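A.B. asks: Residue strings, one per chain:
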Amino acid sequence: MTETLDGLRLSRLADDDLELLLLVRHFELKLLELYGRGELNGTTHTCLGQEYVPVALRPLLGPADHVFSNHRGHGHYLARFRDPHGLLAEIMGRQGAVCGGVGGSQHIHRDRYLSTGVQGESMPVAAGVALHLKRAEPGALACVHIGDGTWGEGAVYEALNLAALWRLPLLVVVENNGVAQSTPTASQMAGTVAGRAAAFGIPHLLVVSTDVNEIRLALEEEVARVREAGPLVVEFVTHRLGPHSKGDDARPADAVRVARDNDWYGRYAHHHPGQFHRIDDAVRAEVQAVADEVAARPLSRWEAPCA
Amino acid sequence: MRVAENLNAALHGLLDDDPTAYVLGEDILDPYGGAFKVTKGLSSRFPGRVIGTPISEGALTGVAAGLALTGNTAVAEIMFGDFVSLAFDQLCNFAAKSVSMYGGRLPLRMVVRCPTGGGRGYGPTHSQSLQKHFVGMPGLSLYEMSPFHDNRAVLAAMLERGEPCVFFEDKILYTRPMGQVDPLFLLRRDGDLAVVDIRDSAERPDCVVIAPGGMAHRVLAAMRSLLVEQEICTRLLVPSRLYPLDADALLPHLADVVVVAEESTAGGTWGSEVAHLLHARVWERLRGPVRLVHSRAAVIPTAAHLENEVLVGESTIHRAVREALRG
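Line order of the protein sequences matches chains A and B. The letter at position 116 of the first sequence is residue 116 when you use the numbering used here, and the numbering goes up by one with no holes. The letter at position 217 of the second sequence is residue 217 when you use the numbering used here, and the numbering goes up by one with no holes.
Keep in mind the hints are simulated off the structure, nothing from the lab. Bear in mind the structure is a predicted one, so any value in this text is a computation, not a measurement. A virtual CB, placed ideally from N, CA and C, is assigned to each residue, including glycine. Check the hints yourself; a few may be wrong.
[Claimed, not checked] Partner residues are not named here, just some residues of chain B that face chain A (Cβ under 10 Å, in silico): (1) Thr53; (2) Pro54; (3) Ala59; (4) Gly62; (5) Ala65; (6) Gly66; (7) Leu69; (8) Gln90; (9) Ser98; (10) Phe148.
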């Protein structure tokens with residue numbers, strides 16, 4: 001089963017949703033700026049252009065649900081916890097960091113949220129968690145965010161097989177942004193995500209829309225069904241606006257332009273200018289304040305480095 | 001009782017005592033009961049918590065980690081330890097890392113069982129001892145099955161650590177008797193360490209051999225021939241936990257000649273780690289460097305006569321002890 005959602009005009013969002021979308025956007029932009037100034041250590045992967053995915057999913061997931069994120073996970077974390085201070089402190093190695101600054105951008109664990117930095121690795125773990133939920137907390141699910149590039153990993157297929165075989169409450173969210181680091185999807189994937197899901201008898205839903213309201217409406221029943229009936233693959237056709245990590249974007253200008261044309265940010269500003277500018281200015285200032293406050297904190301401490 | 005029965009009873013005991021315990025692996029369900037029959041009877045008694053999986057070592061290890069992450073106890077069986085290479089990412093980059101990479105301590109109660117070693121003619125990809133590839137991984141502990149360590153207690157010790165453990169089970173041990181030694185020997189325990197001496201030997205041993213459980217019988221055979229043929233008195237030390245090794249616990253039992261024997265093929269061995277730990281502590285008390293005994297740097301052949309040429313046997317240990325004593 002594959003259904004397609006499409007929507008060019010973005011419907012008006014509740015202020016709360018728009019605030020969250022813009023929080024993720026400005027957080028990511030701020031990170032790139034801080035990196036550019038040499039104020040951050042290591043690397044990061046921003047979800048610019050893909051912010052609407054976790055924002056759309058947010059009300060469909062409950063506190064009992066587990067979320068597994070990946071290297072491009074800031075949006076997933078912020079949608080779950082709205083904690084830009086803790087996340088930025090984690091990335092900057094400052095006090096108040098979610099994981100003491102040990103995990104950094106792509107290794108975060110908090111309550112039922114966990115991200116890891118190896119492609120596909122979380123799929124079997126999420127299957128194990130889903131197995132637990134099915135038995136101990138029926139009605140809860142495990143949601144895993146992966147990308148198009150992740151489908152190159154064998155772990156994905158081993159886990160899909162188990163999820164279908166054991167009818168596990170596993171929601172696989174594929175953010176297909178058309179590029180795996182620098183490799184276009186067409187150069188690394190034979191066939192389609194839909195075809196691969198179908199091979200396991202797992203329902204597949206294709207989401208082309210970037211309209212948060214529309215996506216929620218379309219996913220609500222499907223996600224509810226995961227809780228009772230078993231796995232689902234939801235594939236978002238999305239666009240990575242920024243580089244893979246910091247400054248490593250080798251895509252042709254056309255590809256970047258297509259991503260920019262699909263960006264919700266400009267379209268939403270165009271369709272709902274009053275609401276947009278009011279909130280955009282406020283969130284931008286909020287993120288600036290977060291960055292200033294966190295940067296001034298003392299360095300984080302690692303309480304127990306060794307067993 | 002044979003070692004496999006002791007291990008089987010230990011798994012029954014774990015599932016009995018711990019309502020959150022799961023055992024999962026390939027072909028572990030009754031009536032088959034696992035390739036080495038270690039899981040026999042488990043699925044009949046605990047049908048919901050003993051789970052047969054597809055041939056997916058990476059995924060079944062990941063599922064075990066997921067169960068552990070949600071507060072359960074998970075024991076995963078890798079049918080042949082050689083295949084744990086397929087679960088290396090789950091162990092190294094997920095389970096072991098998760099214990100500490102999220103800042104605080106995230107306890108994971110999980111054990112990955114690996115039937116290990118050669119001597120049964122299974123050939124190059126079904127006979128290896130891969131312990132050395134897991135040595136030195138923060139958050140991952142390595143244990144080895146031994147005829148002198150009750151498996152229920154070892155399972156409890158592994159789970160108590162709250163971090164993933166790999167349990168290496170030398171396949172040769174499965175059919176050996178549990179806890180017994182020839183009347184020539186005296187077996188005692190000092191904490192985690194099993195200490196086997198020549199009975200009625202008044203003096204300190206000439207040489208101490210440190211070996212994981214899978215080597216125990218070969219070392220005992222060498223101890224017998226060294227005594228009978230050469231009047232050389234040796235002591236065997238068998239730790240249950242190979243990594244991190246409690247080297248200090250070895251110190252009261254050492255002689256000035258020390259040999260470490262293991263079945264791993266040469267290169268980057270567990271024994272070299274043991275030697276390093278001992279050199280740092282008692283170098284001045286040793287007559288010479290700790291001598292390493294391991295299998296040859298070769299694949300493990302299938303034909304019995306060729307396999308014998310590669311693997312450590314009684315005679316390899318016998319020879320090494322004599323050479324070590326000669327200096």
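A.B. asks: Flag every earlier hint the structure violates by its number, smallest first.
C.D. replies: 10
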